[in-house]
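Dock chains B, C, D and E with the ligands against chain A, hints included.
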Amino acid sequence: MKRVAPVLVVVGCILALWYVMAVVMNTQWERDQAGRAGVSVGWAQIVPATMRQERPVLPAPHQVVAELWQLTWVEETEGRRGLVNSGSLSNRGLLIHAWVTVSATMLGFAMGAGFGIFLAVGIVYNRAMDASVMPWAIASQTIPIVAIAPMIIVVLNSVGVAGLLPKAIIAAYLSFFPVVVGMVKGLRSPDAMQLDLLRTYNASAGQGLWKLRFPASMPYFFASLKVGIAASLVGTIVAELPLGGAGLGTRLLAGSYYGQTIQIWATLIVAAILAAGLVGAVGFVQVRVLGRMGMRA
Amino acid sequence: MRMAAVLGVIAGFVLDWRLGLLLAVWLGAWLVNHGLSQGGGVWAMRLVPVIFGLCLLVLWQMAVTLFAVPSVILPGPVAITVRFASGLDMLWGDFVQTFVKGALSGYFIGCGAAIFAAIAVDRSLFLQRGLLPVASFLAALPVVGIAPILVMWFGFDWQSKAAVVVVMVFFPVLVNTVEGLRAADAMQRDLMATYSASYWQGLVKLRLPAAMPFIFNGLKIATTLAMIGAIVAEFFGSPTQGMGFRISTEVGRLGLDMVWAQIAVAALAGSAFYGVVAMIEKGVTFWHPSQRGR
Amino acid sequence: MSVDAVIEAKGVGLTFQTSDGPVRALTEVDLRVEKGDFVSFIGPSGCGKTTFLRCLAALETPTAGSLTVNGMSAEAARQARAYGYVFQAAGLYPWRTIGGNIRLPLEIMGFSKAEQAERVERVLELVDLKGFGRKYPWQLSGGMQQRASIARALAFDADILLMDEPFGALDEIVRDHLNEQLLALWARTQKTICFVTHSIPEAVYLSTKIVVMSPRPGRIADVIESPLPRTRPLDIRDSPEFIAVAHRVRDGLRAGHSYDD
Amino acid sequence: MSVDAVIEAKGVGLTFQTSDGPVRALTEVDLRVEKGDFVSFIGPSGCGKTTFLRCLAALETPTAGSLTVNGMSAEAARQARAYGYVFQAAGLYPWRTIGGNIRLPLEIMGFSKAEQAERVERVLELVDLKGFGRKYPWQLSGGMQQRASIARALAFDADILLMDEPFGALDEIVRDHLNEQLLALWARTQKTICFVTHSIPEAVYLSTKIVVMSPRPGRIADVIESPLPRTRPLDIRDSPEFIAVAHRVRDGLRAGHSYDD
Amino acid sequence: ADDVTLQLKWVTQAQFGGYYAALENGFYEEEGLNVTIKPGGPDVAPVQVLMGGGADVMVDWLPSALAAREQGAPVVNIAQPFKSSGMMLTCLKETGITSPADFKGKTLGVWFFGNEYPFLSWMSTLGIPTTGGADGVEVLKQGFNVDPLLQKQAACISTMTYNEYWQVIDAGIAEADLVTFKYEDQGVATLEDGLYVLEANLADPAFEDKMVRFVRASMKGWKWAEENSDAAAMMVLDNDETGAQTESHQKRMMAEVAKLTAGSNGALDIAAYDRTVATLLAGGSDPVISKTPEGAYTTAITDKALK
Ligand SMILES: Nc1ncnc2c1ncn2[C@@H]1O[C@H](COP(=O)(O)OP(=O)(O)OP(=O)(O)O)[C@@H](O)[C@H]1O
Ligand SMILES: Nc1ncnc2c1ncn2[C@@H]1O[C@H](COP(=O)(O)OP(=O)(O)OP(=O)(O)O)[C@@H](O)[C@H]1O
Ligand SMILES: Cc1ncc(C[n+]2csc(CCO)c2C)c(N)n1
Ligand SMILES: [Mg+2]
Ligand SMILES: [Mg+2]
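So the protein sequences, as listed, match chains A, B, C, D and E.
All residue numbers for the first sequence refer to the working numbering, where the first residue is 1 and numbers rise by one.
All residue numbers for the second sequence refer to the working numbering, where the first residue is 298 and numbers rise by one.
All residue numbers for the third sequence refer to the working numbering, where the first residue is 592 and numbers rise by one.
All residue numbers for the fourth sequence refer to the working numbering, where the first residue is 853 and numbers rise by one.
All residue numbers for the fifth sequence refer to the working numbering, where the first residue is 1114 and numbers rise by one.
Bound conformation, chain A alone:
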């Protein structure tokens, strides 16, 4: 209760502010419309009108909620292509798009995390890699991959890399960096004494990695996985923009072409819930693993 109450209050404040902003931002349109129609309107008409526009500048929260409901439950139960009527998830609803995005996110995340760990081990064990990789890894992240993702997707597509993979590659590109940074920190976290101990046992490099560096890096590992999986989701969504298939990214853009603000917001909320869910899942694994390792996460 102590934890929930403040969140509720803050959410309440945000909702209140949101309504106020909705009125403020949508008023102009009502006035313009009235002006074009040649009638004069007062606040009493404007305020309720701002909350039920079809293309609001800022949709009111209840409009977004209604849209969410519409695009999930209603679409699947009543829609022509919904679960009930067609036996498969409807592509008009958001569930299937969320699923497509999540699966590419997971694949990309697995690739990115794997690559990140590989690089981190290399950096820690190889002086040449230590000196050369990091500056370029930083530089790689200053490339606006998000901006050139469409081009990359098109090029990959044209050389026959299609399906989940191109999206996953962009997702991996964004998620490997936090993993490298975190894992290098983590693999280097054992102190000199812990390392010396293994030298007194004349342990091999491999034993050092498995018995000391990996276990010691776990807290850093999970912290960077959380950042990495969120980055991976962003990468997937960006990569979906030009694909025109299923996925939340396409869906966001499609909402945008047709100026369906409410639908964009609903999709955004789903994306944020997904992100929270993915990060939460990593956190769940973290608690389990660290718990089994006797560490208090």
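Fair warning: there could be bad hints in the mix.
Said to hold, decoys possible - Per label pair, the in silico range of CB-to-CB distance:
1. W990(D) with V303(B): 47 to 53 Å
2. E476(B) with R839(C): 46 to 52 Å
3. G42(A) with V431(B): 19 to 25 Å
4. A192(A) with A483(B): 23 to 29 Å
Stated by the list, open to error - On the chain B side, residues computed to face chain E include the following (Cβ under 8 Å):
5. V306
6. F310
7. G534
8. S535
These are calculated hints, taken from the structure and not from any lab test.
All values reported here derive from a predicted model rather than from experimental measurement.
Glycine included, each C-beta is placed from N, C-alpha and C at the ideal position.
Structure of chains B, C, D and E with the ligands alone, referenced to chain A:
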């Protein structure tokens, strides 16, 4: 290890002589770097990343030339450099529009706001419990979703780019600062209590200085985000200038050399921005073991 | 009574509320410290020495009993800046020079710039660190840092000095040296000092009064008034009186110690 | 000579190359340790005690002189896993249980599973930690952790035990207790022990041979053969012989100590 | 059956209804073709896809195809199902714009990504600089939708007769409150949605034959779609993976598109082609193309297909 690499090169030659050539160049550069890093002088270590980068560029050019990749798919570094040199005016104009106006202003506003918010959050347990989870939820909103909305709200010019940047950098800086403000250890705080110092004295003399390493962590992450945010926002509407505008327009016109020249500018500016913040960090947190060690 | 009670504790108790249930750190502590006393607290780990010192400094609030410092509540004494506190580790702020660290309390208490500079010089001299004011903490050895932190506590002329194992991390020789200096300082300034230590010789060497504590929950097992004279050369430690006191302390400690850790 | 030299150092010197120029940590160290000796190293901070121990363990390589361990080079001895090393802090891996920590060297050295289990049990008993094998380090007190780390060093039956201030962080009573136990263990196993400490009583109480070092650069100032019998109750520390040896150690230390830190 | 991949210029919508109609009605199958239609999007350059080998044939506008040709991407027009241009500039009446002369000093929304060429050549024929100022027009890179007009960030925006224009109407602005300038009416129309392939591929008779069949089936699809516009729109909907298109909007779009394809049998109208080239070359200081293109179209395919 070395044996395996040589075998790889030979296998490459057998499959396709062009592939073999690429692998051979790669192996050569790697061996040079390996030798340098074993030697271990200060200058040698500086040279290693440079050789690594040059090697990547040479491989890129070779791949493009040897495999005759059409320039509308991927131009080589030489073509990009030529375009870079001939388009300096345009690149500069775009750079000012996107980086100086959009990214920098958004960066300063966003980071400043985040630090103030962090102080507020730190002061109030209530905000800490309420605001942080909500903020982390909002931070998960993908940029590409927010950008069109912000462009709709703040117009086409750099203000909307700055707004996107503000949104992007806010959370990482907030989280790091909040964590940093807690970094002062119990003993250091108790010391302040024994002086019966006021809240503000404690903040200015203890907690902010102690938080600096964390704050700079956030500020460094934010540099790369600022660059990306400003560019992406231009995809959703912009004046006819700006790096994002140019990238998207030139892709449509198949001016891929210009696209890559812009990417080079972004990478250079981004790395330099990162470097500058890292240098300031070095000056401000000179006392921190991580800085002293080096 | 003829002498002033600087510290007066009656039935002081403190129970921490933790997630595993309450932890009784102190119970029924009665103690009277007079002006100019040098009181050492000794006892096994976890017996509440630090906790008691923190109560004196109003960094913790006792949950039972009454505690006065200089005739007022500990909290009031803290706000009156009645004492200097020296922690186990030096606890210097790494971003300030040694001079800057010593200046810190002076800035907070609003001394004038000139006064600050003058006092910093004076206490640096007092702890034998003249000329080190512009160095950063990490440029000094552990012993020097510890002296700087004592200088910091001395800078604003509090009557009471609370020291929590200030020399715990130092080697024996440096420690002997600092012990001598501390005694000299005490003699010169006539401050009241409360001093926590783990070392029996240190406690016996320094104190006019030794408080032996026993754990679970923290209680006072014995209070020993030292028969040693106020002026003490280092080799007093081989004298029979010294050894006798040390024995009594060790016995007091043994009694309270269980070997299960 | 009739007894075997386990450690033989002749003119050992070590200079660290740092960014501020070379630091001479050790010069001209000559020392001979025989099988079954208990050698203590004592000296002011920074005099090179740790460095010398690390040279013995081949964790550092001397830049001058010759050093043999068990008749071979230190590096060869390390590869032959000739010794167990106990660090100042317990240095247990927090993600392994006490049993797991003790098993670590056994896993690395390729003992069979059964043998591992058997040895873990045996050494746990040896250090009085039977039944704690499944606990995590943080569930134990500092003293218990230190014993676990000794158990870890004992598990693989090295002849030589190198201990670098193993009890530095513990309180006096616990320390006394562990000292007694260590002596008992030494008597039982007849190992050769090299032991670094800051405490004069500890050095005198434990050792058959006390090496007093002096700094800048690290040299051996004095080597004292202890006249005390091998079996030592705690109160031997009040005996005149003990006090005499302690005095000699203190004088040796004083001589090498300069008070500029 | 022979595989053919078609890369669209834009997302799945009724603008491409003819191809979907041909697909769904089995016209491609009848010609022995197995056709895959790849949707495009705002950041997909169809020429890139074609050059990369990701598609055999693409839908593109003539101006951007010619510009690509100059950039060294040898694409060739093989058919032109769209006879007239659907592009226009839509302005709010309240801004006081009644003729192109009123553009000066105003802000106009323009699509880029290769769609800017018609606008730029129009402005240069009007002699209006696009760099802002009192005598020129301020150009905005218009995003995906009509918001700039609704939010009054621009006085006019680019619209297609079949798409964005109706979005403005749907948003609640009456036709009477709008002023439109069709490129067609201004004499600056350029040819839109044509079919293009790589020049090198045409040398291969098997490929040429495939294209002949493809164009024949596609045109059959277009003519069917013109007749049955509502049914064609439903086919488009069925092929929309994003699920974002609405039935009413697509039906209306199909009807509008039918007006643009009406009268075309697929063969390129050489006169219209020459007019487009002339417009593009006339671009003043910054022409879209710098020299008259050679071999940018072939009538060989349509000649055979229409036999
Ligand atoms: N903040 C706290 N919350 C809960 N328990 C505490 C807290 N601080 C101290 N304790 C407990 O109170 C008891 C006394 O602690 P204290 O630190 O005073 O011991 P100490 O005598 O100073 O020990 P040491 O010699 O190890 O410093 C211990 O059992 C400790 O675990
Ligand atoms: N890796 C190193 N690089 C440079 N100098 C070093 C290094 N290790 C130790 N030294 C220096 O060598 C000298 C001896 O250090 P050492 O750690 O052996 O001292 P010690 O006697 O163990 O001291 P203490 O009692 O504080 O543990 C010191 O001056 C120290 O600063
Ligand atoms: C970035 C962007 N470019 C173009 C259009 C407009 N548009 C919609 S359909 C179509 C015809 C394509 O054949 C065009 C040009 C847009 N909305 N956004
Ligand atoms: Mg304590
Ligand atoms: Mg040492």
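Structure-based check of each hint:
1. W990(D) with V303(B): 47 to 53 Å: At roughly 50 Å between Cβ atoms, V303(B) and W990(D) fall inside 47 to 53 Å, so the hint holds.
2. E476(B) with R839(C): 46 to 52 Å: At roughly 50 Å between Cβ atoms, R839(C) and E476(B) fall inside 46 to 52 Å, so the hint holds.
3. G42(A) with V431(B): 19 to 25 Å: Hint violated: Cβ distance 35 Å, outside 19 to 25 Å.
4. A192(A) with A483(B): 23 to 29 Å: Distance hint for A192(A), A483(B) holds at roughly 26 Å.
5. V306: violated, 28 Å
6. F310: Since chain E brings no Cβ nearer than about 26 Å to F310(B), farther than 8 Å, the hint is violated.
7. G534: holds, 4 Å
8. S535: Holds, about 5 Å.
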